[in-house]
Amino acid sequence: MTMLKVNNRTLEVTSRPDRTLADVLRNDLGLIGVRVSCSEGECGSCTVLVGGEPCTSCLMLVNQAEGQDITTIEGIGSQDDLHPIQQAFIEEQGFQCAFCTPGFIMSAKAFLAENPNPTADEVSVAMSGNICRCGAYPYIVRSVLRAAEKLRKSSGQQAAE
Amino acid sequence: MNEAVVDESGTDGVMRARFDYARPATAQEAIKLKSQLGEKARYWAGGTDMTLLWQRSEIQFDHCIDIRQLDELDYISVEPDSIRIGAMASLSLLERSAEAHHLLATLSDITKLMCTPQTRTLATVGGNLCNASPASDLSPAFVAMNAQVVILGEDGERSVGMFEFFEGVNKTALRGTELLKEVTIPLPSAGQIAASYRRIDRTVVDIALVNAASALTVSDSGEIKKASIALGAVAPVIVRSEAAAQPLIGRTLDELDDAMLAAAGEAASKDAKPISDVRASAGYRRDMVKVMVRRSLADCVEQLKG
Ligand SMILES: Cc1cc2nc3c(=O)[nH]c(=O)nc-3n(C[C@H](O)[C@H](O)[C@H](O)COP(=O)(O)OP(=O)(O)OC[C@H]3O[C@@H](n4cnc5c(N)ncnc54)[C@H](O)[C@@H]3O)c2cc1C
Ligand code: FES
Ligand code: FES
Numbered sequence: 001m002t003m004l005k006v007n008n009r010t011l012e013v014t015s016r017p018d019r020t021l022a023d024v025l026r027n028d029l030g031l032i033g034v035r036v037s038c039s040e041g042e043c044g045s046c047t048v049l050v051g052g053e054p055c056t057s058c059l060m061l062v063n064q065a066e067g068q069d070i071t072t073i074e075g076i077g078s079q080d081d082l083h084p085i086q087q088a089f090i091e092e093q094g095f096q097c098a099f100c101t102p103g104f105i106m107s108a109k110a111f112l113a114e115n116p117n118p119t120a121d122e123v124s125v126a127m128s129g130n131i132c133r134c135g136a137y138p139y140i141v142r143s144v145l146r147a148a149e150k151l152r153k154s155s156g157q158q159a160a161e
Numbered sequence: 001m002n003e004a005v006v007d008e009s010g011t012d013g014v015m016r017a018r019f020d021y022a023r024p025a026t027a028q029e030a031i032k033l034k035s036q037l038g039e040k041a042r043y044w045a046g047g048t049d050m051t052l053l054w055q056r057s058e059i060q061f062d063h064c065i066d067i068r069q070l071d072e073l074d075y076i077s078v079e080p081d082s083i084r085i086g087a088m089a090s091l092s093l094l095e096r097s098a099e100a101h102h103l104l105a106t107l108s109d110i111t112k113l114m115c116t117p118q119t120r121t122l123a124t125v126g127g128n129l130c131n132a133s134p135a136s137d138l139s140p141a142f143v144a145m146n147a148q149v150v151i152l153g154e155d156g157e158r159s160v161g162m163f164e165f166f167e168g169v170n171k172t173a174l175r176g177t178e179l180l181k182e183v184t185i186p187l188p189s190a191g192q193i194a195a196s197y198r199r200i201d202r203t204v205v206d207i208a209l210v211n212a213a214s215a216l217t218v219s220d221s222g223e224i225k226k227a228s229i230a231l232g233a234v235a236p237v238i239v240r241s242e243a244a245a246q247p248l249i250g251r252t253l254d255e256l257d258d259a260m261l262a263a264a265g266e267a268a269s270k271d272a273k274p275i276s277d278v279r280a281s282a283g284y285r286r287d288m289v290k291v292m293v294r295r296s297l298a299d300c301v302e303q304l305k306g
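Heads up: the protein sequence lines correspond to chains C and U, in order.
Each residue of the first sequence is one higher than the one before, counting from 1 in the working numbering.
Each residue of the second sequence is one higher than the one before, counting from 1 in the working numbering.
Just so you know, not all the hints are guaranteed correct.
Unchecked claim - Coverage of chain C stretches by chain U, computed from C-beta distances (three or more under 8 Å per stretch; other residues unrestricted):
#1 10-23
#2 41-49
#3 54-60
In short, the hints are calculated from the structure, not lab data.
Glycine included, every Cβ here is placed at the ideal spot set by N, Cα and C.
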């Protein structure tokens, strides 16, 4: 039995230990926003936050994430209540097929927490571990910049309140 | 040798070997466990190399001993006479340690060339060294910095030079149940040290085609006391080029002109034994050694002249 804290819920998962975190999140917990493409750490589509840090969940064993806070795309917003980064991706059309999008958004979330006011070049470097096969990169950079702006505004508002 | 049981692991339909898992609470416990479980138990740190070997069935093992969360091995500390990097320090911790010392700043710049942001959080310094890839980005830098590694065994600790640690492709000086504990970079008691690293790659996530690291230690009057040049991806192990480094010793920083740096590059290239493969030809690699060595030395000189 493995205790996983996923998206603020504590779940008991019965799984063999020889499985990746990505596999369990997708196939046991139904969190299919975690995309698996290369399974080798190259494409970033399986990026989730573990203890607040971005990690390729295809390279992590399920037991290695035990006891740490895991956040997937499902945990940051919902259809009715989108996260500002999700909203920004829609407004800037930061995707075509959207296969890569959850991974990019999770990378962006970790990055913007560290650097709330980045340049376009800094965004490109921070997103270098995510591959978009549709080649929506310029739109993705714009999406992340717009997300940064939204997040700065909302934290400014919170501070003012 | 027993065959590992191959079964459908997970529900993604991919066939992978099955294994059991243990997360010991201390390094000593990990070593004890490995001695109980024997040959087919493997230490597992960030798993960025292990997962690939497992998924591709390139290694046979039946037990994963997870050492990634051993806090006692997860540190970077700067002391008066050395910098100590615990084996479980992640590449992203190293990346964020630039402010603590200028040699750590050099290492931090190297980590930015390695893996991807979301794999650097997993990958460890120790795992990178224990994997003993001749194309590793950290190995030549540590060799040039004259680092030592501390190895933990059943009967205590021992130290081995970073250069001697590498015995072949994926082969290290670790024996039996031994665990890598720390990399120690000695700091000069007088004068100043600078180190620099250069690599040629095709893309960011790709491994180096050729790389080189240099380190120079100068006295307060600017005389070179120590010089060390290490080459990666040009032999099964990291190459240390004495022929390139020796002529620099005793010179002053001002004497290290373009011609001297180019001569060091030429000498280093003679020590390189590169192969031709899909990534590059041997001739190209040998030529690039000259350039990488010259540039990394020039960079050290610039840092020292400040
Ligand atoms: C997408 C991607 C890109 C990469 N790019 C680069 C790159 O640019 N440059 C580069 O150098 N590398 C690169 N790598 C390789 C890899 O990330 C490193 O080798 C990594 O640092 C290994 O560390 P780990 O903690 O993940 O090791 P693991 O995979 O857990 O272990 C590696 C090996 O070391 C052993 N081991 C680990 N720790 C110890 C210890 N303390 N004592 C004894 N044995 C131990 C394990 O048993 C195993 O054999 C890349 C990998 C990926 C997936
Ligand atoms: S599926 Fe994990 S990085 Fe590609
Ligand atoms: S939008 Fe299709 S892969 Fe990125």
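A quick look at each hint next to the structure:
{"no.": "1", "hint": "10-23", "in the structure": "holds (count 6)"}
{"no.": "2", "hint": "41-49", "in the structure": "holds (count 4)"}
{"no.": "3", "hint": "54-60", "in the structure": "holds (count 6)"}
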